[in-house]
Amino acid sequence: MTPLSVNGKPMQVDADADTPLLWALRDHLDMTGTKFGCGMSLCGACTVHVDGKPVRSCVTPLSAVIGRRVSTIEAIGATRAGKAVQAAWVAENVPQCGYCQSGQVMSATALLASNQNPSDAQIDAAMSGNICRCATYPRIRAAIKRAAKALA
Amino acid sequence: MITNISRRNFIKAGGALVLAVHFGETKAQFSSLAFSPNAFVRIDSTGIVTVTVKHLEMGQGTYTGLPTLVAEELDADWSQMRVEPAPADAKRYNNLFWGEAQGTGGSSSLPNSYEQLRQAGAAARAMLVGAAAERWGVPASEITVSKGVLEHPKSKRKARFGELAAAASTQLVPQSPKLKEPKDFVYIGKASPTRTDARAKSNGAAIFTQDLKLPGMLTAVVLHPPRFGAKLNSFDAAKARAIKGVEGVVPFSTPVTTGVAVLAKDYWTAKKGRDALTAEWDESGAFRLGSAELMAEYKRLAVTPGAVARKDGDPERALRGAARTLEAAFEFPYLAHAAMEPMNCVVSLGAGTCEVWTGEQFQTIDQMQVASLLDLKPEQVKLNMLFAGGSFGRRANPKSDFLLEAAAIARAIHGAAPVKLVWGREDDMRAGFYRPMYYHALEAGLDAQGVITAWRHTIVGQSILAGTAFEPMMVKNGVDATSVEGASNLPYAIPNLAVELHSPKVGVPVQWWRSVGSTHTAYATEVFIDELARAANKDPVQLRLALLGKHARHRGVLELAAKQAGWGKPLGKDRARGVAVHESFGTFVAQVVEVSRRKEGIKIDRVVCAVDCGVAVNPQIVAMQMESGIGYGLSAALSGAITLKEGLVEQSNFHDYAVLRMNQAPRIEVHIVPSKEKPSGVGEPATPVIAPALANALLALEGKPMRALPLTVQGVTFA
Numbered sequence: 001m002t003p004l005s006v007n008g009k010p011m012q013v014d015a016d017a018d019t020p021l022l023w024a025l026r027d028h029l030d031m032t033g034t035k036f037g038c039g040m041s042l043c044g045a046c047t048v049h050v051d052g053k054p055v056r057s058c059v060t061p062l063s064a065v066i067g068r069r070v071s072t073i074e075a076i077g078a079t080r081a082g083k084a085v086q087a088a089w090v091a092e093n094v095p096q097c098g099y100c101q102s103g104q105v106m107s108a109t110a111l112l113a114s115n116q117n118p119s120d121a122q123i124d125a126a127m128s129g130n131i132c133r134c135a136t137y138p139r140i141r142a143a144i145k146r147a148a149k150a151l152a
Numbered sequence: 153m154i155t156n157i158s159r160r161n162f163i164k165a166g167g168a169l170v171l172a173v174h175f176g177e178t179k180a181q182f183s184s185l186a187f188s189p190n191a192f193v194r195i196d197s198t199g200i201v202t203v204t205v206k207h208l209e210m211g212q213g214t215y216t217g218l219p220t221l222v223a224e225e226l227d228a229d230w231s232q233m234r235v236e237p238a239p240a241d242a243k244r245y246n247n248l249f250w251g252e253a254q255g256t257g258g259s260s261s262l263p264n265s266y267e268q269l270r271q272a273g274a275a276a277r278a279m280l281v282g283a284a285a286e287r288w289g290v291p292a293s294e295i296t297v298s299k300g301v302l303e304h305p306k307s308k309r310k311a312r313f314g315e316l317a318a319a320a321s322t323q324l325v326p327q328s329p330k331l332k333e334p335k336d337f338v339y340i341g342k343a344s345p346t347r348t349d350a351r352a353k354s355n356g357a358a359i360f361t362q363d364l365k366l367p368g369m370l371t372a373v374v375l376h377p378p379r380f381g382a383k384l385n386s387f388d389a390a391k392a393r394a395i396k397g398v399e400g401v402v403p404f405s406t407p408v409t410t411g412v413a414v415l416a417k418d419y420w421t422a423k424k425g426r427d428a429l430t431a432e433w434d435e436s437g438a439f440r441l442g443s444a445e446l447m448a449e450y451k452r453l454a455v456t457p458g459a460v461a462r463k464d465g466d467p468e469r470a471l472r473g474a475a476r477t478l479e480a481a482f483e484f485p486y487l488a489h490a491a492m493e494p495m496n497c498v499v500s501l502g503a504g505t506c507e508v509w510t511g512e513q514f515q516t517i518d519q520m521q522v523a524s525l526l527d528l529k530p531e532q533v534k535l536n537m538l539f540a541g542g543s544f545g546r547r548a549n550p551k552s553d554f555l556l557e558a559a560a561i562a563r564a565i566h567g568a569a570p571v572k573l574v575w576g577r578e579d580d581m582r583a584g585f586y587r588p589m590y591y592h593a594l595e596a597g598l599d600a601q602g603v604i605t606a607w608r609h610t611i612v613g614q615s616i617l618a619g620t621a622f623e624p625m626m627v628k629n630g631v632d633a634t635s636v637e638g639a640s641n642l643p644y645a646i647p648n649l650a651v652e653l654h655s656p657k658v659g660v661p662v663q664w665w666r667s668v669g670s671t672h673t674a675y676a677t678e679v680f681i682d683e684l685a686r687a688a689n690k691d692p693v694q695l696r697l698a699l700l701g702k703h704a705r706h707r708g709v710l711e712l713a714a715k716q717a718g719w720g721k722p723l724g725k726d727r728a729r730g731v732a733v734h735e736s737f738g739t740f741v742a743q744v745v746e747v748s749r750r751k752e753g754i755k756i757d758r759v760v761c762a763v764d765c766g767v768a769v770n771p772q773i774v775a776m777q778m779e780s781g782i783g784y785g786l787s788a789a790l791s792g793a794i795t796l797k798e799g800l801v802e803q804s805n806f807h808d809y810a811v812l813r814m815n816q817a818p819r820i821e822v823h824i825v826p827s828k829e830k831p832s833g834v835g836e837p838a839t840p841v842i843a844p845a846l847a848n849a850l851l852a853l854e855g856k857p858m859r860a861l862p863l864t865v866q867g868v869t870f871a
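These protein sequences, in sequence, are chains G and A.
Numbering follows this note's numbering, in which position 92 of the first sequence is assigned residue number 92; successive positions increment by one, without gaps.
Each position in the second sequence, counted from 1, maps to that position plus 152 in this note's numbering.
Fair warning: there could be bad hints in the mix.
Below are the SDA-like pairs computed for lysine to any residue, each with C-alpha atoms no more than 25 angstroms apart in a straight line [unchecked claim]:
#  : chain 1 : residue 1 : chain 2 : residue 2
1  : A       : K396      : G       : D18
2  : A       : K365      : G       : P61
3  : A       : K751      : G       : A121
4  : A       : K396      : G       : T60
5  : A       : K423      : G       : M40
6  : G       : K83       : A       : S344
7  : A       : K755      : G       : D124
8  : A       : K365      : G       : A75
9  : A       : K342      : G       : A91
10 : A       : K391      : G       : M1
11 : A       : K365      : G       : T60
12 : G       : K145      : A       : K755
13 : G       : K145      : A       : A352
14 : G       : K149      : A       : R351
15 : A       : K417      : G       : L29
16 : A       : K423      : G       : H28
17 : A       : K365      : G       : D14
18 : A       : K417      : G       : S63
19 : A       : K751      : G       : D120
20 : G       : K145      : A       : Q772
21 : A       : K751      : G       : A125
22 : A       : K797      : G       : M40
23 : A       : K755      : G       : D120
24 : A       : K423      : G       : I66
25 : G       : K145      : A       : N815
26 : A       : K755      : G       : A121
27 : A       : K365      : G       : M40
28 : A       : K417      : G       : A17
29 : G       : K9        : A       : I359
30 : A       : K755      : G       : S119
31 : A       : K417      : G       : A64
32 : A       : K365      : G       : E74
33 : A       : K751      : G       : Q122
34 : A       : K391      : G       : M40
35 : A       : K391      : G       : A17
36 : A       : K417      : G       : T2
37 : A       : K423      : G       : T60
38 : A       : K396      : G       : D30
39 : G       : K145      : A       : R351
40 : A       : K417      : G       : M40
Simulated from the structure, these hints should not be mistaken for laboratory data.
Note that this is a predicted model, so its numbers are computed, not measured.
Work the whole structure out from these sequences, hints included.
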């Protein structure tokens with residue numbers, strides 16, 4: 001058993017400590033909002049927050065998050081930035097297939113939590129690790145700016 | 153992808169709609185439950201309107217566009233609309249363009265549903281109005297409906313849909329309900345309702361195949377052979393079985409794939425097991441060539457006579473008599489679809505039953521093939537359609553590859569548990585079913601005034617349709633329609649024109665990829681036209697307009713894109729524009745790309761896109777699909793390539809199969825041509841236009857034609 005703190009709740013996961021956080025969330029804790037896309041930290045679909053920072057859960061072993069705060073898409077709407085980001089995502093009609101969007105929302109929320117008025121270059125830097133094959137990038141950019149305004 | 157096979161079927165099915173009533177067993181049941189005038193619309197006593205959608209939602213917006221059609225004719229409020237996926241049932245839920253087959257593809261979801269779902273909504277509205285007229289004792293003609301409220305203004309009576317649902321269910325279903333005049337539309341072309349799936353796809357709640365969990369379910373991770381066409385000789389499962397949590401190791405074989413599956417309660421354990429497997433493969437029948445050898449063979453074929461896809465006039469003679477001739481050859485690699493959700497499928501077997509859950513583009517074909525594999529009847533295979541995390545054609549596999557694999561693994565464990573087949577990214581990228589590799593050779597003749605008098609176009613590449621259920625319908629006289637579409641229907645007025653095709657048989661599995669034949673034909677034709685314009689010292693837009701005489705819709709998008717982009721206005725040093733125009737799936741798209749030369753490389757500053765898709769039912773979704781198609785096409789244009797060496801696929805994941813990311817995504821402006829034509833699809837047609845428009849911008853900037861994709865392989869660096 002590996003002890004975790006996910007979305008503010010203590011949890012026990014019956015998995016080896018080398019198991020990636022992604023699979024503990026999805027297969028052991030039945031929290032499937034965090035997605036599997038590449039398994040190599042290349043696409044960002046699995047992005048969660050660890051102590052508020054965006055982390056690719058597909059390459060983060062459980063051993064690395066013991067005693068740290070894990071937040072996922074399931075609860076990010078309870079934060080001020082996460083709520084604004086999700087509202088902006090709907091208002092800008094961002095999602096298409098939607099599979100990458102949990103990761104996009106988590107990366108965007110982490111950006112806005114630390115920078116409430118990001119420039120285009122800062123958006124590029126924060127978001128270019130998240131692939132969207134539907135190429136919703138223009139709307140993601142617009143939604144981040146909309147959320148920034150709402151948070152200002 | 154698939155054109156309108158039978159217009160007659162469309163009319164027949166359209167007329168049969170209102171007869172395809174499926175009231176429940178008794179009226180009493182409906183008095184307390186729901187009102188369901190046809191196979192597409194259900195209204196419950198709380199007023200929720202549920203639209204049964206027969207098409208897969210894979211991002212293209214069908215779960216929004218289709219209920220919009222019902223809401224329009226029903227005069228419902230958008231907030232009361234809900235969506236549910238249709239079951240596999242080719243009789244009720246066939247694609248009206250495909251005869252008696254259910255499926256999603258060819259940018260046909262909205263076009264084939266346009267009248268069907270409007271009729272479904274109109275029928276429900278008429279029955280609600282009839283029920284209100286009876287209840288209130290007033291003429292039906294005096295009742296108005298707006299935003300989900302029926303009203304009799306004279307007597308000031310009002311009722312919501314839910315209050316009348318039970319009474320409406322006793323009304324006769326109208327045979328041919330009157331549809332609205334376009335001037336009366338509230339939603340179509342106007343309101344652009346928010347996507348029905350936007351919220352669930354922003355908070356992690358949307359359920360994809362990857363997310364499905366059934367009681368007792370096992371996850372299967374597979375070892376495929378390293379080369380296409382190899383067979384399993386033997387395998388050693390000892391190390392895999394020794395891993396704690398591995399519950400089974402089974403070989404499997406289908407008509408399409410073969411391999412060994414490791415089963416466990418969770419993916420990570422199964423993957424560790426798979427990685428611990430060793431296997432011996434029989435590669436005697438395997439494909440062992442590389443991309444370079446294939447391309448050399450294609451070049452050799454291109455100078456021999458091919459199957460004739462089109463011949464106007466006498467191109468050979470016209471070329472001989474031309475004042476000057478130009479030649480160009482273009483090379484295109486294999487492309488992976490690389491949807492964000494790697495392919496997967498859940499299968500649960502019972503006694504004489506099979507239940508399947510997946511993102512499902514080809515219900516009827518998949519149902520038949522799974523049934524055939526398992527020795528069941530098609531109706532014993534129940535398909536459940538889930539959201540697809542992208543597809544771009546991949547989940548419309550005519551050979552049902554990953555579905556059969558999941559079914560074979562479930563059978564190999566004798567149905568002991570439901571099986572979720574999960575491919576990793578590497579499995580997905582190396583499984584084949586790529587957009588084929590192609591070689592195009594073109595030659596044109598110009599007269600002394602620079603007028604194009606002759607055009608000869610030879611295409612070499614695998615047939616996508618060969619060996620599929622579509623072959624008898626869509627391969628004629630040796631010409632696979634999907635190999636030449638976009639080339640054989642070249643819209644330019646050139647009196648002497650020939651298009652020929654070679655379809656070599658190669659052991660690499662191929663499949664349609666967003667916009668299919670146009671992915672390569674649009675590039676070869678539109679880049680060559682720019683090269684000819686340059687040779688004749690003519691403006692690329694003016695030359696096209698002059699050649700597009702009777703093609704008003706091509707001209708319309710071209711003129712609109714040129715105008716909005718400021719075509720002809722000077723851009724200054726180190727900047728240039730390029731243009732391309734192309735029709736696919738009955739939709740016309742023109743794009744103008746602006747590029748600049750920067751220190752870090754070429755920057756794509758702006759894309760102006762004009763589209764004519766007939767009536768734009770949801771203009772915002774039209775814009776989203778143009779943006780998406782441009783981004784998808786850009787990935788291929790910049791860096792997309794699957795290459796083989798000695799039969800091994802050289803790419804495996806997003807580090808060596810690079811795709812477009814935020815930092816390279818250009819600004820996109822979409823302009824829609826106002827139209828009264830019937831709607832045509834928008835999921836694919838933006839994709840093929842961006843690469844030639846970009847290449848033409850590079851030609852204008854650098855003076856060098858771009859004769860192969862991806863452009864980075866040509867030595868172009870992008871900022």
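Each hint tested on the structure:
For the proposed pair K396/A and D18/G, the alpha carbon gap of about 13 angstroms is at most 25 angstroms, so the pair holds. For a cut-off of 25 angstroms, the pair hint linking K365/A to P61/G stands: about 23 angstroms separates their Cα positions. At most 25 angstroms may separate the alpha-carbon atoms for a hinted pair to count; K751/A and A121/G meet this at roughly 16 angstroms. Restraint check for K396/A and T60/G: the C-alpha separation of about 21 angstroms stays at or below 25 angstroms, so the hint holds.
In summary, the hint linking K423/A to M40/G is supported, as the alpha carbons are separated by about 14 angstroms, within the 25 angstroms threshold. Pair hint K83/G plus S344/A holds up; C-alpha atoms about 23 angstroms apart against a cutoff of 25 angstroms. For the proposed pair K755/A and D124/G, the alpha carbon gap of about 14 angstroms is at most 25 angstroms, so the pair holds. For the given pair, K365/A sits about 21 angstroms from A75/G by alpha-carbon distance, which is consistent with the 25 angstroms threshold.
Proposed proximity of K342/A and A91/G is supported: the alpha carbons are some 17 angstroms apart, at most 25 angstroms. Of the pairs offered as hints, the one joining K391/A and M1/G holds, with about 24 angstroms between alpha carbons and a cut-off of 25 angstroms not exceeded. Between K365/A and T60/G the alpha-carbon distance is near 23 angstroms, which keeps this suggested pair within the 25 angstroms criterion. For the given pair, K145/G sits about 22 angstroms from K755/A by alpha-carbon distance, which is consistent with the 25 angstroms threshold.
Proximity of K145/G to A352/A is assessed by CA-CA distance (about 21 angstroms); at most 25 angstroms being required, the pair is judged to hold. Distance check on the hinted pair: K149/G and R351/A sit about 20 angstroms apart at the alpha-carbon level, within 25 angstroms; holds. Taking the CA atoms of K417/A and L29/G, the gap is about 13 angstroms. The hint holds against a cut of 25 angstroms. Restraint check for K423/A and H28/G: satisfied, since their Cα atoms lie roughly 15 angstroms apart, inside the 25 angstroms limit.
In summary, the hint linking K365/A to D14/G is supported, as the alpha carbons are separated by about 18 angstroms, within the 25 angstroms threshold. Of the supplied pair hints, the one linking K417/A and S63/G holds, its CA atoms being roughly 21 angstroms apart against a limit of 25 angstroms. Straight-line distance between C-alpha atoms of K751/A and D120/G comes to about 19 angstroms, which keeps the hinted pair within the 25 angstroms bound. Proposed proximity of K145/G and Q772/A is supported: the alpha carbons are some 19 angstroms apart, at most 25 angstroms.
At roughly 19 angstroms between alpha-carbon atoms, K751/A and A125/G fall within 25 angstroms of each other, so this suggested pair holds. Among the hinted pairs, K797/A with M40/G is consistent with the structure: their alpha-carbon atoms are about 24 angstroms apart, no more than 25 angstroms. Distance restraint check for K755/A and D120/G: the Cα-Cα separation of roughly 15 angstroms lies within the 25 angstroms cut-off, and the hinted pair is therefore satisfied. In summary, the hint linking K423/A to I66/G is supported, as the alpha carbons are separated by about 23 angstroms, within the 25 angstroms threshold.
Of the pairs offered as hints, the one joining K145/G and N815/A holds, with about 16 angstroms between alpha carbons and a cut-off of 25 angstroms not exceeded. Between K755/A and A121/G the alpha-carbon distance is near 14 angstroms, which keeps this suggested pair within the 25 angstroms criterion. Our distance criterion of 25 angstroms between C-alpha atoms is met by K365/A and M40/G, whose separation comes to about 24 angstroms. Restraint check: the Cα-Cα separation between K417/A and A17/G comes to about 17 angstroms, which is no more than 25 angstroms; the hinted pair holds.
Distance check on the hinted pair: K9/G and I359/A sit about 23 angstroms apart at the alpha-carbon level, within 25 angstroms; holds. Restraint check for K755/A and S119/G: the C-alpha separation of about 18 angstroms stays at or below 25 angstroms, so the hint holds. In summary, the hint linking K417/A to A64/G is supported, as the alpha carbons are separated by about 23 angstroms, within the 25 angstroms threshold. Between the alpha carbons of K365/A and E74/G the distance comes to roughly 17 angstroms, so the proposed pair stays at or under 25 angstroms and holds.
Between K751/A and Q122/G, the direct Cα distance comes to roughly 20 angstroms. Compliance with the 25 angstroms bound is thereby established for this hinted pair. At most 25 angstroms may separate the alpha-carbon atoms for a hinted pair to count; K391/A and M40/G meet this at roughly 24 angstroms. Annotation: proposed proximity of K391/A to A17/G holds, straight-line Cα distance about 20 angstroms (limit 25 angstroms). For the hint pairing K417/A with T2/G, the CA-to-CA distance comes to about 18 angstroms; that is within 25 angstroms, so the pair holds.
Note on K423/A and T60/G: the hinted pairing holds, with a Cα-Cα distance of about 16 angstroms set against a maximum of 25 angstroms. Proposed proximity of K396/A and D30/G is supported: the alpha carbons are some 20 angstroms apart, at most 25 angstroms. Taking the CA atoms of K145/G and R351/A, the gap is about 18 angstroms. The hint holds against a cut of 25 angstroms. The suggested pairing of K417/A with M40/G holds, with an alpha-carbon distance near 22 angstroms, which does not exceed 25 angstroms.
The structure is consistent with each of the numbered hints, conforming to all of them.
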